[in-house]
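Put the two chains together into one complex, using the hints given.
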Amino acid sequence: GQNIDQPTEMTATEGAIVQINCTYQTSGFNGLFWYQQHAGEAPTFLSYNVLDGLEEKGRFSSFLSRSKGYSYLLLKELQMKDSASYLCAAKTGANNLFFGTGTRLTVIP
Amino acid sequence: KAGVTQTPRYLIKTRGQQVTLSCSPISGHRSVSWYQQTPGQGLQFLFEYFSETQRNKGNFPGRFSGRQFSNSRSEMNVSTLELGDSALYLCASSPGDRGERKLFFGSGTQLSVL
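Residue numbers (this note's numbering), protein chains in the order written: chain A, 1 to 109; chain B, 1 to 114.
By construction, these hints were calculated from the structure, which means they are not laboratory data.
Treat each hint with caution, since some may be false.
Each pair of labels, with its calculated beta carbon distance range [said to hold, decoys possible]:
1) N59/B to F45/A: 35 to 45 Å
2) S22/B to G1/A: 40 to 50 Å
3) T106/A to T38/B: 18 to 28 Å
4) P7/A to P61/B: 29 to 39 Å
5) V50/A to Q18/B: 21 to 31 Å
6) L54/A to K102/B: 16 to 26 Å
7) K102/B to P7/A: 17 to 27 Å
8) G84/B to G40/A: 20 to 30 Å
9) T106/A to Q110/B: 32 to 42 Å
10) L74/A to G3/B: 22 to 32 Å
11) E14/A to P61/B: 39 to 49 Å
12) R15/B to T13/A: 42 to 52 Å
As the structure is a prediction and not an experimental result, all values here were calculated from the model.
The beta carbon of each residue, even a glycine, is placed where N, CA and C say it ideally should be.
Next comes chain B alone, as it looks inside the complex (with noise of 0.2 Å):
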């Protein structure tokens, strides 16, 4: 079975532009969950998705969004970049049953804003 894929593995953006970042979960997976990841913080959780919806979210402004394609691939959409927001943005999958929280990362995209 192919794993999570996430593309681009690199992005360099400046600020205020946006920037869009796909994950294609394990076959069969119905879950998504989006992660930023930085030195100081460690993994903060953005979102996820669930058949398409919005099932849980982080404490994020409304500059990060997301959403989910009924193949189950998402996508995260970050606008009028922050410096701030350089970081390593992994997305994880899950068969997403409530009980299931094991979750299988993708490599992640490395987002550089200058």
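Next up, chain A with everything else stripped away, as it sits in the complex (with noise of 0.2 Å):
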């Protein structure tokens, strides 16, 4: 079966970095998503991985390491509007995506 994991809620300062992780097994492994989504909007493409290493565009950063099952997503020097859930998302063989429930980040003053 597939199975994705991920913390269901953190909190964070603004300012610092936080690092959401993600950890999944599914069969046929093809690549790893994360997505950003806003309440009461839809979800928006962060990143996509599907070598093992570290990904940077700006302030968030993306890691996998395929033999681990590991992902994580990084967001540097956070700002108030990056309170939103951060979703990990698996894409498989079969070309499905496969998602975690979310982890709901809210950044504090």
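Written out as structure tokens, the structure is:
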């Protein structure tokens, strides 16, 4: 079966760094997506990792270790607008996306 | 380019009724996927349509069905509604190439079943 785990909630301070972890067990794994979803809005694409390593995109970075079934999203210089849910999704060989339940991040002043 | 458009934004139905949700993908996108989002379960994959054909299907009962038209617009239908069907239904489009799975989501239809 498919299983994706990520923490339900996290809180961090404005200006700080936060790391959101995601572990997955999927058959035919073929890549890992991160999406951001503000309350009442559509999820928006943040990053896609298919190879091991760190991908950096401005304040956001994403890391993947295929051998460990592990990924994380790193958010630097946190801003209040970063308060949102962060969704981890594994792409399988069947070209489906399986999502975790999401991590709700609250940024406090 | 206009984004993914879903209508209606909100729906209230009663048990036993049926409902049809609509999704217009980004122009040029040929793949439309549907997801159900609930607080406890996250996003769960319903099905994907590509060129008017269902290409992938999740583990939902047959009460959930969909279709896609020649202009790539898609509809999702849920018959004999149950209380547990209350959820946010999200539609996502992508160009459709097998190697490309970056999805562009609509804002969803919030369905409440009373």
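Hint numbers not upheld by this structure, sorted from lowest to highest: 1, 2, 5, 9
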